[in-house]
Amino acid sequence: MTNKLTRRGLLKTGAVGGAGLALPTIFTSGANAFTNEPTGGTVTLGFNVPQSGPYADEGADELRAYMLAVEHLNGEGDGGMLNTFSSKVLEGNGILGKKVEYVTGDTQTKSDAARASAKSMIEKDGAVMITGGSSSGVAVAVQSLCQEAGVIFMAGLTHSNDTTGKDKKANGFRHFFNAYMSGAALAPVLAKTYGTDRKAYHLTADYTWGWTQEESIMAATEALGWETVQAVKTPLSATDFSSYITPVLQTDADVLILNHYGGNMVNSLTNAVQFGLREKVVNGKNFEIVVPLFSRLMARGAGENVKGILGSTNWHWSLQDEGSQAFVKSFGTKYGFPPSQAAHTCYVQTLLYADAVARAGSFNPCAVGEALEGFEFDGMGNGPTLYRAEDHQCFKDVLVVRGKENPTSEFDLLEVVEVTPVGQVTYAPDHPMFAGGALGSCNPGA
Amino acid sequence: MDAIILQILNGLDKGSAYALIALGLTLIFGTLGVVNFAHGALFMIGAFCAVTLNKLLNLSVETVDPTRTDFLGNPLKVKTPYVENWFGPEFGHAIIDWSVPLAILFSIPIMIAIGFIMERGLIKHFYRRPHADQILVTFGLAIVLQELIKHYYGANPIQTPAPDAFRGSFDFGAMLGFDPNTIIYPYWRMIYFAFAAVIIGGVFAFLQFTTFGMVVRAGMADRETVGLLGINIDKRFTIMFGLAAAVAGLAGVMYAPINSPNYHMGMDFLVLSFVVVVVGGMGSLPGAVLAGFLLGILESFASMNEIKSILPGIDQIIIYVAAIIILLTRPRGLMGRKGVMED
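Chains A and B, in that order, are what the protein sequence lines are.
Under my numbering, residues 1 to 446 are what the first sequence spells out, in order.
Under my numbering, residues 1001 to 1343 are what the second sequence spells out, in order.
Here chain B stands alone, though its shape is the one from the complex (with noise of 0.2 Å):
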């Protein structure tokens, strides 16, 4: 039972990223009808705001240290953060500790830029083109976007950690009743979920209770007709390329004190989130969060010794396995509506 309630915990933190970058993919495909392959590396370059502001806030003046020597033998040179001088040791130090969750501030103009860019720079010139030049050119964009990523920053990972008061884990074991130590939670995925809760809720809230979200939702639904209407639907839809961008930088900060960001992740996580997108349904919002929470929760069952014992192998594919299933039984996924993007 303690493993079962591990493994979904594992699932909730996995889905939690795959839903985010699916909600992105899905806005994006079902407002402006791209295929966006770059959307993985939108959710690099936010994990790399926060590598970025840590090593902003890590800007040091050097003062030497004549007692000391460096690997050469020559006087050590000290580093001491600019914020520390400014601020005091301990505050400072607090400043630089907290760099994750600050980065979500420092985040959030950066991808709305970057996404309004992408869609007026470049993606806005294949709205009328075929979808597999859409791919061949976001794929190319991502490409070269982790390509840049790599040249300014190595192709190693960068440790980027979370504050000290949320590095460690929680004994959910203890308090269930199990046995101490059986059900062991870190506290920063569990944090990840409820931010993943807390940003998806907040997107569906502006779409449903906005205006702007009424007008956005109609012109998914029948863009020409919003048109008629006289409402300047493809800057609406501008917007909402860069609040995806912005959801999907999001997803990539917090994401940062889990796996240590590198120039790749983005890819990483890239094919999946389709595959979340297909199976939750083309064009529907709930669709990429059910999927996306469903495939990561599978994922990680599949990962079981027990399970794999069984099945060698199957934590590789059980993903691509769910999703031939469900799209077999189920053509238009999970929540994918009759005559919705299927032109």
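Looking at chain A on its own, in the form it has when it is part of the complex (with noise of 0.2 Å):
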């Protein structure tokens, strides 16, 4: 039998391979049973952050985290929170005997720049999982690339109760705790503190984290007997917020919820101090500020105008048991400066992936996404933990925190008021505020 080359043969085999070559490599993946399936000695993780953008700096301290749970797994430094985890798979030798390596995107807090550089780092590096960002809008953005892509997606830092919810995919998970959590933690404080019968103003930034997060502390603070005067939202954009801060003082309101984040909360808790807020009395009783989003690194920027105002957040570096001291110690002693808890819930995050791998014995998405559903642990900084397999989110205990009146360093600007337990702020998976949305199946990407 002999091969002849025709010309209409040569057409089609070129119009074949063509095509072959045409389709985007992320969706191919050869011979492998599934997206960057590791074949030499090393494993590629992907840290998506914020290098640039008003977000650099939690970026920055994302990335710092990362550093260091590459290190501890790949056994160098003090181990960190090696040592506390409950979970004891992890050996210090890579995950599954390959060292850990790992390229770096910048999202620059767009949803577009973020896409694009999480699909760099799973074509061109061959990412076996993508993880990091600060930003709710870059995480839903990001996750929703990976389901497609075929690999895993740790989120970092986003509070929006979409990531879990209706945009949630069967290869995202989130460590970080929620709006309707920070609502559920804050609620009950509040209302301890200021009273049942208030009446607050809202302040919301105009995007998903701030929809969520004004219907989650809406909902939250009526339920225990507050009055919603008026929610407002208000631009991203915005820098000077003088004008929609006035008009609370036209209403009988005597709390402003600010459901702000970064410099918006920065400009517009600066804006409220000044225009006399917090000086004033309303209804006989002390006008009060909230923030139910609180963030250190941003805090900073508040300066004194943070003093005594509550709100909730992830995680502090002053918390006492062992897991947060032993990363505190690991991450002081090498950075200088305790974490973040953006810092904190990456950490934690690029560990649980390890640790998964090494129990599914598979860097397959799927067999990672089964070993960390429904994972229970300890031993992080958060006490007793859940990765709840019905919507990929953690269950743990929520931070009250206050800004310190006297702080003794430039990092001690929160302290903590209550430890919510993990009870009060679980949800049913169903949630109306959660509906909409479907994990899906898993995609290995084969």
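Simulated from the structure, these hints should not be mistaken for lab results.
Treat the numbers as computed from the prediction; the structure is a model and nothing was measured.
The C-beta atom is built at its ideal place from N, Cα and C for all residues, glycine as well.
Heads up, some of the hints might be wrong.
Claimed, not checked - Partner residues are not named here, just some residues of chain A that face chain B (Cβ under 8 Å, in silico): (1) Asp-57; (2) Leu-63; (3) Thr-270; (4) Gly-276; (5) Tyr-427; (6) Ala-428.
Unchecked claim - Selected chain B positions facing chain A (Cβ under 8 Å, derived; list incomplete): (7) Leu-1072; (8) Pro-1075; (9) Gln-1134; (10) Ser-1300; (11) Met-1304; (12) Asn-1305; (13) Ile-1307; (14) Ser-1309.
Using the supplied hints, reconstruct the complex from the two chains, each of which is provided in its own coordinate frame.
Spelled out as structure tokens, the structure:
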């Protein structure tokens, strides 16, 4: 039998070959069982953090935590939380014996830039897992990309209900708490501190996180008897909030709730204090300001204005449990200052991913996801924690914090007022605030 | 009524910043014919002059306090600012407390120098190039400057408070016969407005009542004729660039306590300030000031809940809507004159 090379045959072969080559490599993995299956002695993780833009400082802290986690996974340094983690399968010899390497991407806190950098890390650098971010908009966008690409996404700092609500994906996992949990933890403390007969005025950042934060804290405070006087959306690009603050003076509200984060929070809180709201007495009560989501890095920008302000946070370096202390010691010794909550969640997510791979015995995202689903662990700074299978959300204690009156150092800005037990912040998987989406099935990308 | 008064006050301080930046932009455009997109960066650098002086005054000597520990359990290093060691705790603290007003003096030579270097080192090479080239190069320069600031100061806002004496707010309501606490206005914002008025008045007086100013105004009207009279107008225009940089810088210094400075604050003001310049009338200094205050007040009113309930989102677009209406009815802007900047 002879093979004749005909014109038609050549065209057919060329067309099929061309179509194959034209397919994005992200959706093909040759003979591998899943996307970017590690074959050599190393495994590559992709750290997608804001290295430029308004959250660059948080991104830098996340990156520090990731590098520390890689050190610990590879058996370098003092081991940090590996010594306190309840699961003991990680031995400091990389992941499944493969040395951990990493590549980084810059999300710029923009969804399109974050997707582009994640895509590049998956396609060009062979990252088997993507993690990081400091914005819910970015988290939702990158989570969706990772689902399509067939890699695991371990979310960084993302607080919107939507990340594990209507936009949840089978390949995505969140350790950080969410807006519902903030509301559920904070409202009882607010009621205890300021009473149940209060009138609240909300200023809310006009994007996914702000909407869910407003909905959550509003529902939680109204359930305790507070009345919502008005809820006003403010543009994310706003810098001077004076014209949004002054209408508060014209109402009979006696609490201002700032559903703002980052630069928005710094400026709106500063403006509110400048306009004398904290000295105001309304309805016979002292006017109060509440910031549902606090970040120590951001609080520094607001300076003395945070003193006495109540809010919630995922973790704080002053916690005295073994895990937190081990992490603070590792991080503080290496970098000279305590880690932020963003650094903590990113460090923990990296160890949790590595642990899941080790327990599953495979880097296959479906096997890893299965190992993470329903996983119960401790020793990571938040007490006993569950990675719930139904929505891939971690359930753990939530911290209610207050801006410290007499800080002893530049890092000592918040004090823990209450550790709200996990039972109080747990909700049903089909809770209306998280409705509208489905995990779907895991995608290994093969 | 009290709500209206409050929004007018809000608009005045917002308008003050717009007017000061737009004044500098107009000075540069009017004299050198350059569209300077780096002008917002000069405002930002001014604010960071206040941050820098505050940091310099807080430079400290470290002593170890064995009775206290840091976050790692090591003996606590206590920092005492040098100025408190040199001048005593009270006077030293007062110097630090007044760092923003002191930064006015600190920033003037720095801003003039930056303006001079910008003009001589880069922008003068683009005088005869199309406006598009000027926009590209100055916009690029603005990005470089803001990235430099971010590299050295970080991305987060940096708290730069006003002196203790000017914190808090004034109860206009009680003074005007309204209920107490209905019209409250921060002291520092009132100072900002007064400061802007003094700077604007000073620039106008300088241009109106000095020989130097007269030559500059003549150069703005007819550069060639002034040159033919043997006057080195380029040198004077370079000085005007330095002056415009100083005005933007001073606006930034005094703005630092209002909103914590961050590397991006210049860009936040830049586009709006250009709209102000166009609405005021290209090359018209009084027009820039008038439009600055007018658009500041309009923006403030558009943020009122009553207005937004009728026209949702109007607070985001009011300035551009106003600009469109003004330019449709007065194509040269509020105070633009025929023949000026129309070649």
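Hint-by-hint comparison with the structure:
With a cut of 8 Å, the hint placing Asp-57(A) at the interface with chain B holds, because the nearest CB-to-CB distance is about 5 Å. Interface restraint check for Leu-63(A): the shortest CB-CB distance to chain B comes to about 13 Å, outside 8 Å, so the restraint is violated. Using the Cβ-Cβ criterion of 8 Å, the hint placing Thr-270(A) at the interface with chain B is satisfied: the shortest such distance is roughly 6 Å. At its closest, the beta carbon of Gly-276(A) sits 4 Å from a beta carbon of chain B; the interface hint therefore holds under the 8 Å criterion.
Hint status for Tyr-427(A) relative to chain B: violated, with the closest Cβ pair at about 31 Å, above 8 Å. The beta carbon of Ala-428(A) comes no nearer than 34 Å to any beta carbon in chain B, farther than 8 Å, and the hint placing it at the interface is violated. Among the interface hints, the one on Leu-1072(B) holds; its C-beta lies about 5 Å from the nearest C-beta in chain A, closer than the 8 Å criterion. The interface hint given for Pro-1075(B) is broken, as the beta carbon of that residue sits about 13 Å from the closest beta carbon of chain A, more than 8 Å.
Annotation: interface hint on Gln-1134(B) violated; nearest CB of chain A at approximately 26 Å, more than 8 Å. Taking 8 Å as the C-beta cut-off, the interface hint given for Ser-1300(B) holds, the closest approach to chain A being about 5 Å. Interface restraint check for Met-1304(B): the shortest CB-CB distance to chain A comes to about 6 Å, inside 8 Å, so the restraint holds. Evaluation of the Asn-1305(B) hint against chain A yields a held restraint, the C-beta minimum of about 5 Å falling below 8 Å.
With 8 Å as the threshold, the beta carbon of Ile-1307(B) stays out of range of chain A, its nearest partner Cβ sitting at about 10 Å, so the hint is violated. Annotation: interface hint on Ser-1309(B) violated; nearest CB of chain A at approximately 10 Å, more than 8 Å.
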